[in-house]
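Protein chains: 6
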Amino acid sequence: MANHGNMYGPSFTFLGIQQCDLDDPKSYADADVIIVGAPIDSGTSHRSGAKFGPQAIRGGDYLPHDAERPHLALRIDALKALKVYDAGDLLMPPGDLVSSLKVLEEATEKISRAGKIPVILGGDHSIASADVAGIAKHRGLGKISMIHFDAHADTGEDQFGALIGHGTPMRRLIESGQVRGDRFLQLGLRGYWPDDKTLNWMRDQGMRSYEMTEIHHRGLNKVLDESFATLTDGCDGVFLSVDIDVVDPGMAPGTGTPEPGGMTSRELLEAVRRICLELPVVGIDVVEVAPPFDSADITAILANRVVLEALSAIAKRRSGTPYSPTQNLLDR
Amino acid sequence: MANHGNMYGPSFTFLGIQQCDLDDPKSYADADVIIVGAPIDSGTSHRSGAKFGPQAIRGGDYLPHDAERPHLALRIDALKALKVYDAGDLLMPPGDLVSSLKVLEEATEKISRAGKIPVILGGDHSIASADVAGIAKHRGLGKISMIHFDAHADTGEDQFGALIGHGTPMRRLIESGQVRGDRFLQLGLRGYWPDDKTLNWMRDQGMRSYEMTEIHHRGLNKVLDESFATLTDGCDGVFLSVDIDVVDPGMAPGTGTPEPGGMTSRELLEAVRRICLELPVVGIDVVEVAPPFDSADITAILANRVVLEALSAIAKRRSGTPYSPTQNLLDR
Amino acid sequence: MANHGNMYGPSFTFLGIQQCDLDDPKSYADADVIIVGAPIDSGTSHRSGAKFGPQAIRGGDYLPHDAERPHLALRIDALKALKVYDAGDLLMPPGDLVSSLKVLEEATEKISRAGKIPVILGGDHSIASADVAGIAKHRGLGKISMIHFDAHADTGEDQFGALIGHGTPMRRLIESGQVRGDRFLQLGLRGYWPDDKTLNWMRDQGMRSYEMTEIHHRGLNKVLDESFATLTDGCDGVFLSVDIDVVDPGMAPGTGTPEPGGMTSRELLEAVRRICLELPVVGIDVVEVAPPFDSADITAILANRVVLEALSAIAKRRSGTPYSPTQNLLDR
Amino acid sequence: MANHGNMYGPSFTFLGIQQCDLDDPKSYADADVIIVGAPIDSGTSHRSGAKFGPQAIRGGDYLPHDAERPHLALRIDALKALKVYDAGDLLMPPGDLVSSLKVLEEATEKISRAGKIPVILGGDHSIASADVAGIAKHRGLGKISMIHFDAHADTGEDQFGALIGHGTPMRRLIESGQVRGDRFLQLGLRGYWPDDKTLNWMRDQGMRSYEMTEIHHRGLNKVLDESFATLTDGCDGVFLSVDIDVVDPGMAPGTGTPEPGGMTSRELLEAVRRICLELPVVGIDVVEVAPPFDSADITAILANRVVLEALSAIAKRRSGTPYSPTQNLLDR
Amino acid sequence: MANHGNMYGPSFTFLGIQQCDLDDPKSYADADVIIVGAPIDSGTSHRSGAKFGPQAIRGGDYLPHDAERPHLALRIDALKALKVYDAGDLLMPPGDLVSSLKVLEEATEKISRAGKIPVILGGDHSIASADVAGIAKHRGLGKISMIHFDAHADTGEDQFGALIGHGTPMRRLIESGQVRGDRFLQLGLRGYWPDDKTLNWMRDQGMRSYEMTEIHHRGLNKVLDESFATLTDGCDGVFLSVDIDVVDPGMAPGTGTPEPGGMTSRELLEAVRRICLELPVVGIDVVEVAPPFDSADITAILANRVVLEALSAIAKRRSGTPYSPTQNLLDR
Amino acid sequence: MANHGNMYGPSFTFLGIQQCDLDDPKSYADADVIIVGAPIDSGTSHRSGAKFGPQAIRGGDYLPHDAERPHLALRIDALKALKVYDAGDLLMPPGDLVSSLKVLEEATEKISRAGKIPVILGGDHSIASADVAGIAKHRGLGKISMIHFDAHADTGEDQFGALIGHGTPMRRLIESGQVRGDRFLQLGLRGYWPDDKTLNWMRDQGMRSYEMTEIHHRGLNKVLDESFATLTDGCDGVFLSVDIDVVDPGMAPGTGTPEPGGMTSRELLEAVRRICLELPVVGIDVVEVAPPFDSADITAILANRVVLEALSAIAKRRSGTPYSPTQNLLDR
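Chains as they are written, first to last, in the numbering used here: chain F, 1 to 332; chain A, 1 to 332; chain Z, 1 to 332; chain E, 1 to 332; chain U, 1 to 332; chain B, 1 to 332.
If you are wondering where the hints come from, they were derived from the structure by calculation, not from laboratory data.
Please note that a few of the clues may not be correct.
Identical chains blur together in the list; that is why a pair holds if it fits in one copy or across any two.
Below are the BS3-like pairs computed for lysine-lysine, each with C-alpha atoms no more than 27 Å apart in a straight line [what the hints assert, rightly or not]:
{"id": "1", "residue 1": "K197", "residue 2": "K80"}
{"id": "2", "residue 1": "K83", "residue 2": "K222"}
{"id": "3", "residue 1": "K222", "residue 2": "K137"}
{"id": "4", "residue 1": "K222", "residue 2": "K26"}
{"id": "5", "residue 1": "K26", "residue 2": "K83"}
These figures come from a predicted structure and were not determined experimentally.
Build out the structure end to end from the sequences listed, making use of the hints.
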């Protein structure tokens, strides 16, 4: 099912961690987390390039690729505290998006059923409709809630007339019942899409969607405070979907649909940390890194750090040790 | 008088809106706003490139260029709520800046007299001396106040020995009486220009000039609070001039004279929104976008969003409907 | 059927020529040539980006976009001597390549049946399987011969397991009988693909495939000399397919699969001119321009010149006036 | 000892100031500050390029290079209020880092003994082990405290098995007693290096190391407040070492080891200003500017501004005139 | 009259040679050649950027800037065999092209009257109308012939309605009688400009204009052979004007109006060498280097080499020693 | 001794071939060729970046990294016909060039003694002094001849005062007797280095050095014809050293010291093929690929092709099958 390493270009794993083979359950029997690449960009409505996202995220680091990453603030090394494997890229030919997404859905279902947390490296955001669906197949309809960082709501009815695309996955997930609308948190929306009709549909589903204006004026932490309780109400777990374009284009230029006025990279990392420390995360995707538009790889490195931040916080949560953001690094 | 579309390269309008012809008043009789390009960069003291600003701003968007742009935070579509036309670029040959600016002055006077709001896409900032002058010819000396976002005061006595240039327009406007010095608000200044002599001249004119230090320590909204009242005191309207270099070079690298330590793009967009919601804006220019120095078009897209933000807030103001920045997007 | 202008970004026509509507036969009744964009890149096996090829080719010129282009060497202006329209981009969603190619096939069939020459701006090379097929439907199986400039033979059996892709179109055309293998000329092949099995299949079809070594040692004109006669033997017309990667990556970096050791841009332009002067060209595509990888737009401009070179030579051929490459420009 | 101007490329001084010759004490007898370039990058563990840092910082400005720079916020011109010379680049061949650093150590010792403030333009951060050592030789072991802006602690035991490198200078300085560990302030740390063992060593030395999380949650000024007193306790002076990668990669992409989640350029400039206003700075280095990875020179310009900010604040401090960050620019 | 060093950015001379002051004749009394920068780009019809040409050409070299350049093929060091000074950039404000060109005309007249060869670093090609005019004022109307490398004839009647611009200088020179049309050699023309009317005017002037097709088919040396004799018939000297866009955009991307299908850099260097070896060159300009569009400075370095090639060949010609292109380097 | 994979960034082998371990002779017992990376750039005199050359060359290909590469012109797959392993990068810290080169020398001696052909991926050209030395230690002083493609002779006496650097390796090899001066062939020299003294030294050694002028006028094949016989006279084997800057900067911009007027990539590939077909090659290095200055990876891909071209021709030579460059691809 899975291709080893990257579908495009040279083959290597996320920061040098061990690889596993999704077709060989023994190869990942002891895993806590399995990283999978979803190298496809034919769901994009504008700039392509996200097919090279998985390899850029895997390799986006200047430190030795030695499968060690001690998190400075959390004082824990996720790649040691957790058992993390890289299953390589799925084979996802760009010409047939529906079939390619089916492959992804099967992969996350398999990983989830095996009791592991899948971390999917996109690819464009159309992959969320599949990777979340796979987990929902295992955990049951409406049993996982969703935290979605993005400049865009991705709740379009269709895209170029098709149901599938990077502008529609959240609609598909809610319509199918895989995720309940009222267990759906969106953070960082802004710009000029979608229109009223779609926004009204979102309201009718009970979605909690925070536009940047509100976050700017009220504060990101306040917004998280008021949302966390709902997310675990009647849900087993939380899926975290991070579209890198939630960050301001100045700090994340390497993406397909950059919308000015976004979060800083610091804010995103802090929020991801808090989510994974406080909530039961059962799956993650990091999407829309488009290397051809990047500058000095800063977007790829940021996405790499989003993955590490999430894993480190998950490890910290499991460790049960205390953490305070105002405590000094050397006192931890 | 006006060239159709872009002076350089392929011809198209701002986000696909309808074009009009400044020589044919019927073509814009029902307009609320008229967009005009001022594609000139021979007023620059350093990097040229802003001559391609108008086409970069017109085309700087990943969404379909379908003349629709529903503003997510304001819940209004300016391109539908207002009648906005694009008159194309004026023909502004680079070799004779004085003559080229004369063409621009005539254009904004004509638009202003027709009762429409001119929105000028620069071009370097030397154009402000002409576009504001055109409006002042119609409205009368000292009848419009000025809000000027910029890293630089642009109040130089001369540039390379000439009166005209992108470092001098604000001086020309005040000296000529077209804008009163004490109705002139500057936001975002920083760096190492101009010298004391010029700063003292500015003080003597009664200008309100906020350097980034003060904005950083007191807050942008506080600074706006204390300035707004004056601006409408004895003035009919406000001209908004946005030099994109007011934003930090990290978020707006595509400009000619980048000065570190600027606003975030979020701050600029919030301030532009507030100004256009609260004050009677009668003209706008967005200048100093220099595409050859941009990265993944992020500066061009930001400038496009500055135009849309202003138009959306003008439309919202005209609609008379309420707006609160802390209200949730889906509750609006 | 056709979208007006570009599918992505602002809308404009090839160098400012008049647009037509493929759904309105009257709009192109007097056309000699119809330009159509095929903005798709989900047939690529590596770097995407060719979906922006049509707009880059349409706009790739520093001269005024005024629908005039007097060819210096041929002393003829194709955009005046011929009636050339731009039908805009076809709507070709990336997620479903098969359906998108079907739209293209219908478009070229329609144009061909109307007696016009279709010129397709790609897009990746998978489009050749459709645009040639459309013409073959009109003219009959095996009635058009093919001249194919490319670093790659594009005769793969499949790509990622699918029949369609930019590595397979020439196989599909021959297998289906749309083009006869022994009326198929390939120029510029090099590198490390395909393998022996495929090369033997090519030989068995009677293809004439010239690798760069042979062209380098024997000369491009000699190779053309020995091939031209066959191409019109039993065929009504010639389809010219130019993959821009036939040119050395140094002169055409903006492409998806750059293979060193190619032709110079001069050689390509000379060869295209000669082909269109001497042979009855009935269709053209220019493909694989991937703007995100370009440098200062030089690849886009080159592709623009390939289109103009072909049109100019077609116009010259129709004019019946003499031409000698060694005659002085000012004596023509 | 010193090469005139830049070691690489054309030769010029920092913003056009006068040059001096370190071998000719008369040439800098009246200096307050001497700028020296340390153009070496063979201490880097990843991307090289910082060898071009000195010339990029010297020339990173769009204003005339006329040796005048009136600071807008401080209302003082450091290049006039202080006597600042540029001694050019030291000759630092890349192949022998130890010898090259020795040259630098001798240079800063000489400058310090002459009673001038050395300002070193790096180069990678390995130079800090030498430039601080030179000053310590003059002032005595443990007599200068250190303020170190950086994403990385640079306290590694070794790098590729060698004691010298850009990951180890702070360890060398403390181990040798040149700087006391408990007079060592670090600001801006983040990411995934170093490991616990090294962090514990740092704690044992009594270092004050602030990770970005703490700075984000407590505020940079609060952190400075609680650290300043210690720094002058038993120390004569403060050395300020600014690794440009302390700033977020979005605002400073031109560096070798970019770590997301950093300070804004505004925050860095404000902090540098405060330090140089309030503390007795006796030496400065600005390091890790790697021009090949920069975008539109924004990182080089930022580093140029860090130097100017420090010089301006030193001049202001010496002037004894008051300064308040909330006072209006035109009232100063 | 002349500014010292570069008008923009840091100040330095061509490869470190000595500077002179055009206002101080003693400073260049013993000169053979004087280099002057003409940093203006407001004559361009499309991309600006050539204002940074002089500094890019002066500094475009990876070797030490030590005023030594032994030419490998000619075995002579022009910077030693000749006395070459750099007079810095002329002050040429972009907003008033006519006045700026007047300054240039006066400079070359002064240099020419002093018996020195002026070498002008552009700037856009509009400068040719001034720099040649200055020499013609000294030597007399029609007394110098012209060799002009360019993709474009630059013989337009006007540009944006003005007589001056980079598309018209050759027309101005011929119309004014400064250069005789029948002593005017053009090499490298191609593309789609100008139209028949202008070409006929060129023919009527007796110009010898070689389009790339003819050069490609007949060979550059043959074309030079048949032209050289005429150029010295009735003329005292030859002016060499090299528009860098004569080279293919692949090898010279950093220019404003790139036209595919040009010479290789090798061909240009060989031709420049032959011209300066065989003909009495009295002035040179190298124009249209636009650094913002360059890639790794290759265009700037090429232009630097064009200058050095010309100077080296002039020195060789003066030395009277033999040269054969087929003799081995080590036998020379 | 050898690091596995790349010293910097993610770890992978040349086009996916099997890795071996230089410390484990069994791992490469059956090898014909062993690829080793020499990731160092502290021998450069100007731009650094070549430390990333090995990974760029290993990964510089758009085809699947599947350890198969059938050469189209030679109709042989070197990666199958030969047994080729990748030993990864040697650990070569940049701060101590002498020690790092010692590691390389030991590696190539070991490989050579094991009867395998070492192929070294640089790194800057200083590595040649070590990699050739290692082979010479095995084969004996003066027993291997040298073919050296380069824009520069690399025969400097010293560099920044040191004996080692990328400008001196050929001098070191001849002085030490490791390679005889009269068995040393240089191809592609040009530009302005070295001076007469060094050239005379070269002549005195009996070197055959072909400058581009001679190659341009006489033809590369003629020059090869007259040199090949000598190279095997008294020598066992030939070492092929390819500095990628022998190719024109237009086609190979990603290098540290680009010199205009070079070979085309086609010419280099043809010459490398001929050399490896006709001469007994016993070692190869490909150096000076500096990825930070590359454009769309074209230089890296070219260097990858140089390696493949050499391996393919070696395989073809061993196969004993005939080859003619004028035979048609499909007839081979």
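Going down the list of hints, with the structure as the test:
With identical chains, the CA atoms of K197 and K80 are at most 27 Å apart between copies only, with a shortest distance of 15 Å across copies and 48 Å within one. Taking CA atoms no more than 27 Å apart as the test, K83 paired with K222 passes in neither setting, with 33 Å inside one copy and 39 Å between copies. Proximity of K222 and K137 under a CA criterion of 27 Å is satisfied in neither setting, with 33 Å inside one chain copy and 50 Å between copies. Neither within a single protomer nor between protomers do K222 and K26 lie at most 27 Å apart by alpha-carbon distance, with minima of 44 Å and 52 Å respectively.
When the C-alpha separation of K26 and K83 is checked against a cutoff of 27 Å, the pair qualifies only within one copy, where the shortest distance is 14 Å, while the shortest distance between copies is 32 Å.
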